[in-house]
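**Student:** For this one, chain A is given, so just place chain B on it according to the hints.
Chains as they are written, first to last, in this note's numbering: chain A, 5 to 331; chain B, 5 to 331.
It should be emphasised that the hints constitute simulated quantities derived from the structure, not laboratory data.
All of these numbers come straight from a predicted model, not from anything done at the bench.
Please note that a few of the clues may not be correct.
Chain copies aren't distinguished; within one or between two, either way the pair holds.
No more than 27 Å apart at the CA atoms, straight line, and that leaves these computed lysine-lysine pairs for DSS-like [unchecked claim]:
| # | residue 1 | residue 2 |
| --- | --- | --- |
| 1 | LYS279 | LYS219 |
| 2 | LYS221 | LYS127 |
| 3 | LYS221 | LYS186 |
| 4 | LYS226 | LYS127 |
| 5 | LYS279 | LYS127 |
| 6 | LYS279 | LYS221 |
| 7 | LYS226 | LYS279 |
| 8 | LYS219 | LYS127 |
| 9 | LYS279 | LYS150 |
| 10 | LYS279 | LYS147 |
| 11 | LYS226 | LYS312 |
| 12 | LYS312 | LYS221 |
| 13 | LYS243 | LYS226 |
| 14 | LYS95 | LYS127 |
| 15 | LYS219 | LYS243 |
| 16 | LYS127 | LYS186 |
| 17 | LYS100 | LYS147 |
| 18 | LYS157 | LYS324 |
| 19 | LYS150 | LYS221 |
| 20 | LYS219 | LYS100 |
| 21 | LYS186 | LYS150 |
| 22 | LYS81 | LYS320 |
| 23 | LYS115 | LYS127 |
| 24 | LYS95 | LYS150 |
| 25 | LYS219 | LYS95 |
So you can see what is in the structure, the chains are spelled out below.
Protein chains: 2
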Amino acid sequence: MPKRMLWTTLAVAFVLVMGQLSMAQSPDPLPSWSDGAAKASIIDFVTKVTQEGTPDFVPAPERIATFDNDGTLWSEKPLYFQLFFALDRVKALAPKHPEWKGKEPFASLLKGDVKTALEGGDKAVMDIVMATHAGMTTEDFEKIVKEWIATAKHPKTHRLFTEMTYQPMLELLAYLRANGFKTFIVSGGGIEFMRPWTDPVYGVPPEQVVGSSVKTKFEMRKGGPVLMRLPEVDFVDDKAGKPVGINSHIGRRPIAAFGNSDGDLQMLQWATAGKGARFALLVHHTDANREWAYDKGAENALREAASKGWTVVDMKKDWKVVYPPVN
Amino acid sequence: MPKRMLWTTLAVAFVLVMGQLSMAQSPDPLPSWSDGAAKASIIDFVTKVTQEGTPDFVPAPERIATFDNDGTLWSEKPLYFQLFFALDRVKALAPKHPEWKGKEPFASLLKGDVKTALEGGDKAVMDIVMATHAGMTTEDFEKIVKEWIATAKHPKTHRLFTEMTYQPMLELLAYLRANGFKTFIVSGGGIEFMRPWTDPVYGVPPEQVVGSSVKTKFEMRKGGPVLMRLPEVDFVDDKAGKPVGINSHIGRRPIAAFGNSDGDLQMLQWATAGKGARFALLVHHTDANREWAYDKGAENALREAASKGWTVVDMKKDWKVVYPPVN
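So here's chain A without its partners, still in its complex pose (with noise of 0.2 Å):
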């Protein structure tokens, strides 16, 4: 063996056993929940599917766990972010669309009231994220989205929108990777919305975002092939079509599940009906001081969790912090 492949090896052997006196020492590994019931059972749970022998291992290739977006891994007030999104290229595609001034949902919109331009209802959003989330390529539609993430903010936290994800969500995830699942995003949100950015913040890349989509659609150009994204509504990622997008982009039944609202309360009642140990939880938004207190849209699904066991995290009782700290 040659000298320096031996002190490589030694090396190597060296912090392999520091890992495994820091493994002793068992850190907390979500140090920003407070001790309580919540936080036990996804200890409990994530403790016993990773112990083998026991009947409720699961191999890892079967820890499968998905995650609502909004309102679960990140703050949906006073509008979906998206929506945010949605507003701001409307302000800048306006000069492109001089006849949106005599047009609602627009008009409203380009004079500052959302208010009255969401009175139109789906219909208005609908319109809304159309003419702004259609009509160009998708390597466009990807540099925009960059471009708006890294500088929009917040009305009134004045922070990036993805600086408002939940710092305790942030170790969930890690810590479920760190036991070997595999975790998704299933959201009602925009999937090319999500993918630029789902890996940086979240550690989910983006062939683990499960979303809503357009239609998309392959042109030869004389630059080469791109993808269209057309103005048609492809898939809705929400209720009952959560079991549905994860089927298709997944193909296997989650074990663990993680919403907020009644949104995703399918994917919750698919996710527990397999067999063997499953686990389910709802972000319950009870801080209005720190984020938001509210239940509405999600009524159906806190009763189902209630008769169920399912866990129901108290934002205000359970999470020492809500967002991560800024620099």
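**Tutor:** Chain B in isolation, oriented as in the chain A frame:
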């Protein structure tokens, strides 16, 4: 340090050293490939994208490789293997469908006259697929596929269909993964027809399989939630659909793509149009003795491969063996 830990550490160190020594001998990672331009082009590409600090280096998470299935990873003659499955299902379901005796394409199929049945073209194929691939839950369909794939045999070779995978391609999949690639299947075949067996057969887990699909619907039943397979096309993952499917499921552009026919052309165009080192390969069916020899349906892809310098595998010359040894 406890004595036992010391011994464990030394044992680990020993294994590491032996690993380095054996790597130094570098056994052939593609033993079923004859030495020649095709094999060399694969090894050159993998070597250059994995050498840190060089201009062609690609970080591991971006080493996405996509593989067509029919004709690329396993044979596809005299029919796509999934059609054999569909035909077997028609026979199994016939007692419940007395009306099929007077209705094409089923009437001919039940008489064993596949040729006449398929004279109805795409419409006939679609009728057969919908009658056999829809109307059950996703769980029931998975069971049906697993049973069939474990027992059904090819009419000519009398091998299980999974024994008609290509040994050189199995080695290639493993070689790429050993070099940090994430391998995906992107097939015109049914996504849920493939997922039950791609992991044991190819080492490709369900979440890395992209394919054609029927719509599914979430239903809450007394016994719990199910996903019903509906007799309605959701997505056709072929030709210009392949880049669309890749974008939807993977959300990254592959740096390497592998196919055999015009159905794969757009996938290869899409993969090679990205920046940096790229690789495209076509399996050319040239071996009438060990497999089949045909260009039909691959003319455009072969022409473009020649003009763009993509690797074309001459099965007869480049592969020492076609199928894996059978016990």
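**Student:** Of the hints stated earlier, which fail here?
**Tutor:** 4, 5 and 16
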